[in-house]
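Chains as they are written, first to last, in our numbering: chain A, 1 to 666; chain B, 1 to 164; chain C, 1 to 176.
Don't read these hints as lab results, they were simulated from the structure.
Treat each hint with caution, since some may be false.
As the list claims (entries may be wrong) - Not close to chain C: a few residues of chain A, all C-beta gaps over 12 angstroms, as computed:
no., residue
1, D65
2, L195
3, A303
4, P308
5, L326
6, F394
7, K426
8, F591
Claimed, not checked - Simulated DEER-style distance windows between Cβ atoms:
no., chain 1, residue 1, chain 2, residue 2, range
9, A, P80, C, D27, 34 to 44 angstroms
10, A, V433, B, A120, 25 to 35 angstroms
11, B, L78, A, A82, 14 to 24 angstroms
12, C, L4, B, S82, 50 to 60 angstroms
13, B, S82, C, R5, 19 to 29 angstroms
14, C, T159, A, G578, 27 to 37 angstroms
15, B, L78, A, L563, 36 to 46 angstroms
16, C, R5, A, A153, 35 to 45 angstroms
All C-beta atoms in this analysis are idealised placements derived from N, C-alpha and C, irrespective of residue type, glycine included.
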Amino acid sequence: MIPEIGQLALALALCLALAQSSLGLAGAARGDRSWMVAVRPAAQGQFVFVAIAFGCLTYSFVANDFTVAYVASNSNSALPVAYRVTGVWGGHEGSILLWTLILGVWTVGVTFFSRHLPDDMVARVLGVMGIVSTGFLLFTLFTSNPFLRVFPAPADGRDLNPLLQDPGMVIHPPMLYMGYVGFSVAFAFAIAALLGGRLDATWARWSRPWTTVAWAFLTIGIALGSGWAYYTLGWGGWWFWDPVENASFMPWLTGTALIHSLAVTEKRGAFKSWTVLLAILAFSLSLLGTFLVRSGVLTSVHAFATDPARGVFILAFLALVVGGSLTLFAWRAGKVGLGGIFGVVSRESTLLANNILLIVAMASVLLGTLYPLFLDALNLGKISVGPPYFDAVFYPLLAPAVFLMGVGPMARWNKASLPDLWTRLKWALGVAVVAAVILPFVLGHWSPLIAAGLFLALWVVVSSVVNLRTRLTGSHRHGLVAKLAANSPSYYGMLLAHLGVAVFIVGVTLVKGYESEQDVRLDLGQTVDAGGYAFKFLGVVPGPGPNYRALTGTVEVRKDGRLIETLKPEKRIYNASGQTMTIAAIDIGLFGDRYVSLGEPLAADDIDGAWGVRIYLKPFIDWIWTGAFLMALGGIVAVCDRRYRLAIQRRTGAIGPAASAGAPAD
Amino acid sequence: MIARAAIAALLLACAAATSAVDPVSPNGETAAGMSALDLRLKRLEAELRCLVCQNQTLADSNADLADDLRREVRSLALAGKSDDDIKAYLVARYGDFVLYKPPVKPITWMLWFGPFALLAGGGALWWVVLRRRARSITPTATKADTAGELRARKLLNGEDDVAA
Amino acid sequence: MKSLRWSLPLAIFVILVAFLWVGLSRDPREVPSPLLGKPAPAFALAKLHVPSETLATADLKGTVWLLNVWASWCVSCRVEHPLLVELAKANIVPVYGLDYKDEPDAGRAWLAQHGDPYTASIVDRDGRVGIDYGVYGVPETFLIDKAGVVRYKQIGPLTPEALKQKILPLVRELQK
Chain A
1 MIPEIGQLAL ALALCLALAQ SSLGLAGAAR GDRSWMVAVR PAAQGQFVFV
51 AIAFGCLTYS FVANDFTVAY VASNSNSALP VAYRVTGVWG GHEGSILLWT
101 LILGVWTVGV TFFSRHLPDD MVARVLGVMG IVSTGFLLFT LFTSNPFLRV
151 FPAPADGRDL NPLLQDPGMV IHPPMLYMGY VGFSVAFAFA IAALLGGRLD
201 ATWARWSRPW TTVAWAFLTI GIALGSGWAY YTLGWGGWWF WDPVENASFM
251 PWLTGTALIH SLAVTEKRGA FKSWTVLLAI LAFSLSLLGT FLVRSGVLTS
301 VHAFATDPAR GVFILAFLAL VVGGSLTLFA WRAGKVGLGG IFGVVSREST
351 LLANNILLIV AMASVLLGTL YPLFLDALNL GKISVGPPYF DAVFYPLLAP
401 AVFLMGVGPM ARWNKASLPD LWTRLKWALG VAVVAAVILP FVLGHWSPLI
451 AAGLFLALWV VVSSVVNLRT RLTGSHRHGL VAKLAANSPS YYGMLLAHLG
501 VAVFIVGVTL VKGYESEQDV RLDLGQTVDA GGYAFKFLGV VPGPGPNYRA
551 LTGTVEVRKD GRLIETLKPE KRIYNASGQT MTIAAIDIGL FGDRYVSLGE
601 PLAADDIDGA WGVRIYLKPF IDWIWTGAFL MALGGIVAVC DRRYRLAIQR
651 RTGAIGPAAS AGAPAD
Chain B
1 MIARAAIAAL LLACAAATSA VDPVSPNGET AAGMSALDLR LKRLEAELRC
51 LVCQNQTLAD SNADLADDLR REVRSLALAG KSDDDIKAYL VARYGDFVLY
101 KPPVKPITWM LWFGPFALLA GGGALWWVVL RRRARSITPT ATKADTAGEL
151 RARKLLNGED DVAA
Chain C
1 MKSLRWSLPL AIFVILVAFL WVGLSRDPRE VPSPLLGKPA PAFALAKLHV
51 PSETLATADL KGTVWLLNVW ASWCVSCRVE HPLLVELAKA NIVPVYGLDY
101 KDEPDAGRAW LAQHGDPYTA SIVDRDGRVG IDYGVYGVPE TFLIDKAGVV
151 RYKQIGPLTP EALKQKILPL VRELQK
């Protein structure tokens with residue numbers, strides 16, 4: 001009964017999504033107010049029904065309804081309740097439903113936070129989002145229905161993939177989808193602007209908070225995925241340039257370019273058509289990612305079970321949505337008009353360089369990810385493109401962009417002076433260079449790459465400090481607190497996000513530069529030394545878990561003879577599927593992790609004898625994810641700026657909003 | 001003055017932090033630790049692809065074939081073959097698919113040189129756009145301007161009294 | 001024309017979609033063999049049924065022959081096996097079996113149970129000959145000509161279509 005209700009709810013949601021799109025777009029085109037007014041309720045109704053469907057699927061999981069085929073292949077009666085709930089998005093059909101649900105969440109968000117926008121703009125934005133919802137609902141109902149029944153129902157389910165039975169599964173996909181899907185709002189704003197023919201600074205100010213929040217979610221989602229892979233896969237890796245990872249990273253790179261480009265469009269009215277193109281591109285890459293992950297064209301550990309029919313559908317949808325928007329862009333972007341004028345040395349020019357570097361980096365990731373497919377399609381054989389390629393290509397491309405992070409905020413809008421910049425920044429440059437050259441010696445081993453990475457991170461930090469100081473000394477206010485308060489959240493958000501980048505770079509540089517690995521056979525009581533720590537292996541004991549059998553090892557970590565931590569790495573054999581998982585034990589530290597995982601016992605059946613043990617030292621690795629979270633936090637802080645929260649009464653927005661007059665241009 | 005103190009404090013903090021960090025040398029050999037051969041093989045195997053897995057390196061895979069291939073790689077290394085020899089051995093049997101670092105040949109030129117070509121193109125685009133837009137507006141006082149108008153024009157151009 | 005540059009993103013996208021479309025019909029996990037057109041790697045292994053005798057590639061020079069990689073633990077092999085038995089009865093081309101990473105007893109028992117189409121089978125206990133031939137999945141079949149050059153590789157079980165359209169015509173041509 002419940003699954004049928006869910007299916008009906010999806011069908012109703014589809015009808016409402018169709019209404020939302022047609023009323024929205026036709027209504028705005030015709031200027032028909034009654035149609036435009038109907039769009040919000042249609043959109044909200046669509047969300048309600050998708051939520052009902054999602055609730056029905058969740059219920060089926062929690063209630064162990066194995067007559068539903070999807071539940072039978074992704075759950076098990078012994079599965080803990082928390083994982084039964086997250087199992088809803090553990091497979092293809094349910095994760096598409098999650099996608100659709102989150103699209104509904106963003107849609108409803110737009111319906112509530114758009115009171116100050118003109119009716120025709122809101123109608124168009126919701127209309128475009130309605131088209132995307134329609135596509136996904138059609139896809140769900142016709143090729144990926146999670147409510148299909150299976151008769152006869154199996155006695156028990158095949159269990160959720162053990163790799164997914166983890167807290168990471170609770171939060172990583174929802175955060176990731178909030179990001180991916182959130183770019184649909186920026187996309188919808190861009191299409192609405194092209195359709196309506198209005199593209200100005202006000203449009204950018206409306207778009208910006210939506211884009212920044214989506215970007216922040218995507219940042220968190222990717223960081224969570226990386227951290228989860230680190231502790232769950234057993235060999236201490238945190239990024240593999242796997243096609244699915246790249247599928248989330250490309251929208252992120254584009255989104256970063258987009259938030260910077262929007263800044264220029266908002267403040268200076270420049271880069272208008274470029275910003276629109278970026279908005280289209282960011283969401284297109286989200287859709288492309290969906291295609292790559294679910295169509296089977298690329299091999300990946302993350303890929304869902306594939307089916308050619310699904311691949312064809314998504315490709316057709318991709319072709320329509322992206323092709324349609326790029327056609328609209330080709331037709332209308334030229335009429336939007338050129339933006340402002342700015343000098344060769346100016347904040348605009350540094351931001352343009354930033355954008356170009358980020359997009360070139362994104363294009364390189366795309367090239368590397370799709371190249372095997374290109375060659376295969378041309379019958380030129382099969383190759384593999386993996387981390388050695390991406391590492392070699394990506395870092396040199398991003399390094400100049402990071403360097404510009406120190407220069408850009410110091411440069412004036414419209415016309416900056418290179419000698420002036422040099423005067424302000426030369427001291428920062430000197431400090432960063434000197435420290436970067438000296439630190440690796442202190443840390444134990446010098447290499448040019450480590451010095452380069454540290455230079456970039458220190459440069460960003462020191463130049464940010466110089467920037468803040470310049471602001472404070474130039475301020476008219478009296479007293480430190482007043483001076484600090486004079487700056488907008490937007491400004492502090494930028495500083496925080498840039499600091500996050502620096503922290504991230506420190507983490508990556510030091511981990512790659514100084515990590516060490518020991519893969520050794522240890523007898524009971526044997527100790528191995530690594531990086532000043534002593535690791536003593538104390539054997540492995542079996543034990544039961546909720547739905548698995550565990551072999552738990554004990555490893556004592558000592559420094560200078562003193563016991564620091566007792567680590568318990570595990571090997572789990574899951575009852576339902578028979579799959580084995582290696583669970584690492586990590587001693588987390590501010591300046592590095594000590595990471596231990598079990599290999600295999602030396603003698604196949606003798607768990608009481610010697611075991612292969614893997615010990616990794618990962619200096620500063622937690623700085624990677626801390627940096628990412630700081631970036632996201634910076635984005636959230638920036639969005640709290642008054643100018644976004646003030647309800648703009650004036651529809652025309654002719655005179656610049658009162659809000660930004662008080663804050664210094666940042 | 002304050003800024004210099006802040007920077008100095010930052011550097012001192014760095015120095016302090018580094019003393020808290022254990023001086024590590026990447027993969028130093030230790031008593032019961034990995035031998036140089038094992039380390040070399042790990043690194044090599046991290047660049048090779050497991051043929052039967054869903055995108056995993058030869059180093060990380062648990063598959064039977066991966067075991068066999070690791071054994072093969074080890075015996076080749078013990079026989080004195082270099083990393084390049086071992087890679088050539090595997091490529092002769094499995095093709096370029098087995099290498100995660102694609103060889104540089106005519107069909108992969110676009111892959112290896114593409115990004116830098118794109119960068120060059122991007123740089124050219126940047127230059128062209130700047131040339132076109134570079135008409136700097138320098139406010140000069142005309143007879144009709146009042147001081148207020150001049151300041152207004154400066155503000156509108158982003159040249160605030162507050163620096164940057 | 002000024003409007004051309006606005007169409008550039010669309011043009012790039014159209015090309016991309018074309019590639020993705022073609023990609024849908026390709027299998028990214030299939031690894032083509034680099035041995036095509038090259039001499040078949042030499043082996044000299046004990047026969048499955050007569051362990052005291054050896055079969056070497058040198059013995060097979062001058063014949064066109066098929067090398068079928070199989071194992072008693074391989075499930076997909078059972079799917080193609082009837083085809084091989086038929087093929088052996090038709091006596092067009094000799095089929096030699098490579099019993100890959102298998103226990104000889106288990107191999108013999110399997111053939112006794114499912115039929116033995118092989119002129120002879122050899123045992124590759126540790127899989128080294130398999131590695132030389134670039135075997136990564138079982139079953140696989142190689143077609144080797146009179147000069148000992150590999151001319152065709154079938155990845156996965158043999159199908160009637162593959163036999164009819166690719167392998168047998170090639171066999172007939174090579175046997176001339």
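Quiz prompt | Enumerated hints in conflict with the structure, sorted upward | solution = Of the numbered hints given earlier, those the structure breaks are 3, 4, 5, 11, 13, 16, listed in rising order.
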